[in-house]
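Asks: Chains as they are written, first to last, in our numbering: chain A, 1 to 459; chain B, 1 to 286.
Hints in this document: simulated from the structure, not taken from any laboratory. Note that the coordinates shown come from a computational prediction; the quantities given were computed from them, not determined experimentally. Treat each hint with caution, since some may be false.
Unchecked claim - DSSO-like cross-link-like pairs, simulated, lysine-lysine; straight-line CA separation at most 30 Å:
id	chain 1	residue 1	chain 2	residue 2
1	A	Lys255	A	Lys191
2	A	Lys450	A	Lys426
3	B	Lys227	A	Lys387
4	A	Lys450	B	Lys96
5	B	Lys194	A	Lys451
6	B	Lys96	A	Lys91
7	B	Lys227	A	Lys58
8	B	Lys194	A	Lys160
9	B	Lys253	A	Lys20
10	A	Lys160	B	Lys94
11	A	Lys43	A	Lys58
12	A	Lys98	A	Lys20
13	A	Lys20	B	Lys194
14	B	Lys194	A	Lys91
15	B	Lys94	A	Lys450
16	A	Lys450	B	Lys165
17	A	Lys98	A	Lys153
18	A	Lys451	B	Lys96
19	A	Lys451	B	Lys254
20	B	Lys227	A	Lys237
21	B	Lys253	B	Lys165
22	B	Lys227	A	Lys43
23	B	Lys254	B	Lys165
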Amino acid sequence: MSAKNRSFVDHIWEFFCSLKLAIITLILLAVTSIIGTVIQQGKPAQEYIQEYGESTYKLFLALDFVDMYHSWWFLTLLNVFAINLICCSIKRLPRILKLVREPNRVAEDGLYRTLSNFEEIVTSASLQDVSRKAQEYVTKNFGKPDVTEQDGKVYLFAQKTAWARFGVYVTHISILIIFVGAIMGNVWGYKAYVNVVEGTSTDEVWPRSGKEPIKLGFEVRCDRFAVEYYPGSTRPKEFTSDLVVLENGQEILKKTIEVNDPLSYKGITFYQSSYGQMGDAQFIFKVTERETGTTKEVRARRGEMISLPGGGGFRVVDFTEQFQNFGAAARIEVVPELDHDHKPGEKHASFVVLKAFPEFDSRRGGKYIFSLQDFKQKYYTGLQVAKDPGVWVVWLGCFLMVVGSMSAFFLSHRRVWLTIQPVDDKTGIKVGASAHRNQPAFEIYFDEFKKNLKTELSE
Amino acid sequence: MLSVKLFNATTIAYFVSMIMFIAFLPTRAKVVALIGTIAAYIGFVLQTGALGYRWYESYQLLGADGRAPLSNLYESVVFFAWTIVMFYLLLDLKYKQRSIGAFVMPFAFLGMTWAQLGLNDAIDPLVPALQSNWLTYHVITCFLGYAAFAIACGVSIMYLIKAGKEENNAEGSPAGGILSLFPSVRILDDINYKAIMVGFPLLSLGIITGAAWANYAWGTYWSWDPKETWSLIVWFIYAAFLHARFTRGWVGKKAAWLSIIGFGATIFCYLGVNLVLSGLHSYGGG
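Bound-form chain A, shown alone (with noise of 0.2 Å):
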């Protein structure tokens, strides 16, 4: 390779090692983030136009603002981000494994004048006296230190947590793990979505990009779907589905789930997100003539012109499972006749009848009486579908982070070296420190560490 070939690659081997790099990445990544927080994603070519008109729309599309987060440009800046992790640990982690593992075990001038923790301490006691005085002294109140003699000096070395320095480098990594977890995800795993109607069941599910349904391998049955409020309101408590896995016609798994306690079978999990009606209600009355006190039970749907006894109808014009806090309602219109002739703006004498109170309509004085004994509603459940092989990746990933960027932030290096050599007919001793987290604090630590260092050497 030529000079010149091998400075560019030099070049290009920098940059995507420097620091400055990761950080205009990161400013970018910031700020291009908030373009799809502004433009909303993945919606249909009819309302970009309605809201922005059809020439800003094209811009968009070439752009790629209707589906950033995935557009060539910013999947590219990831990319950048993902090349300046893997350049930036490849460069200094090597540095830093010597660093560790083949510290500097023999101080010399040179380095005590990098430290910004230096004393010297001179004192009259033989040299091997406050070689082993300095060696208790360290071993007690910092930790045990290789020693080295060389050429009549004694060298002392002792660090701590030497680890520490490894904490940046696992978040990087965190990083680069969660990545490869979320492609794990986009390429072996799908986000898909089905509705069962209560009582059937389905052996495939809808992926949300696609059009043809996936194969499950397996049956998923929904044997009832429910609501339920809180007591005396009309807020949701909970939406349950009672889902059965089965295989071959056989029932494998039972689950009722709800939001937030989904189904798992076979790395395929369901998740309660929707439901609906389908087709009208079916309900169930008991309807009393008050003269002759004879009682009859009703089945009537939505709508339905049901006979009553002695030639008049009623039907269901309205129904709410939950009418006023007072729980399952229907509003019930009576009228004269059967083939009764509607006159269009006519109105009928309609009334509420409450499912929880079956007494009620009695109080009304009309000719019958009602009571909702039941009611039938099929409901089908919608479901999340997702498999996602990548997720355990993304959550180790995670787990690093968290780890690495604590012991990086919050834990410490430290080192301490002492050389101990005949100066005139006295003993020398210099003694460095220094610690690549929280310098402050160390400084107070090693003023101690020193101070008393110098009173256990004069004993």
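Use these hints to put chain B onto chain A, whose structure you have.
Replies: Same frame as chain A, but now just chain B:
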């Protein structure tokens, strides 16, 4: 409700504290700052009691459906104020720099005032989507992070004022007058950095617990919803800040500005997204 009355008393205590800390700057009377600190402690104790009592009240009102007081906009604003004061008092124990109170207590006071005057303080049962233990973990981690960023922002404002003044002075001599009460720019810079060091892992945890919850409830840990995206924007800004510390030309004023911008983005993530944009976090309407 007794809890709401106690929150009123808390608001008054924070008001007294804020006024005292501001008065401390021109008067330089230590006793004024001491009253401010005592008022902050009283408010904090009252608020802690009120938060606990509101938790108890929720069980009285809703029976088995009671829950931690962290579930709507009112409760989140109150909790935010509580976390800010908690961090401030910890900072006060460590640094004893009373002038910082004038730049941090207003955040707590404004939050409490807005909650007490403008927000719905009713204890309603939770809708199905919020019935999850993840709610508690998610809210606590997020707001602890936000509070650390609030402290960083207050300190950064002090930094910019002091550094700006010292730059104008001849030879960069230390600023006199009110500013002499401010900690040195070195300490302000250090507190800013440390607060963000505390806030950043908490924000990460907040995002992660939110993602874990979304995955558990919907099967998607990330869907680029505006709230999610804004939390990531905040994360990017503070990540940039942490890296800027190691780069020449990005320390000092630029770092202080990044910290302030970061807190602005935090507040937008918390409130702006609900009030301006549309998405999954629905409490903005409450």
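Asks: It remains to establish, for every hint, whether it holds in the given structure.
Replies: Do the hints match the structure? See the list:
no. : hint                   : verdict
1   : Lys255/A with Lys191/A : holds, 21 Å
2   : Lys450/A with Lys426/A : holds, 19 Å
3   : Lys227/B with Lys387/A : holds, 24 Å
4   : Lys450/A with Lys96/B  : holds, 27 Å
5   : Lys194/B with Lys451/A : holds, 28 Å
6   : Lys96/B with Lys91/A   : violated, 42 Å
7   : Lys227/B with Lys58/A  : holds, 27 Å
8   : Lys194/B with Lys160/A : holds, 22 Å
9   : Lys253/B with Lys20/A  : holds, 17 Å
10  : Lys160/A with Lys94/B  : holds, 25 Å
11  : Lys43/A with Lys58/A   : holds, 14 Å
12  : Lys98/A with Lys20/A   : holds, 25 Å
13  : Lys20/A with Lys194/B  : holds, 22 Å
14  : Lys194/B with Lys91/A  : holds, 27 Å
15  : Lys94/B with Lys450/A  : holds, 24 Å
16  : Lys450/A with Lys165/B : violated, 39 Å
17  : Lys98/A with Lys153/A  : holds, 25 Å
18  : Lys451/A with Lys96/B  : holds, 26 Å
19  : Lys451/A with Lys254/B : violated, 39 Å
20  : Lys227/B with Lys237/A : holds, 25 Å
21  : Lys253/B with Lys165/B : holds, 12 Å
22  : Lys227/B with Lys43/A  : holds, 18 Å
23  : Lys254/B with Lys165/B : holds, 16 Å
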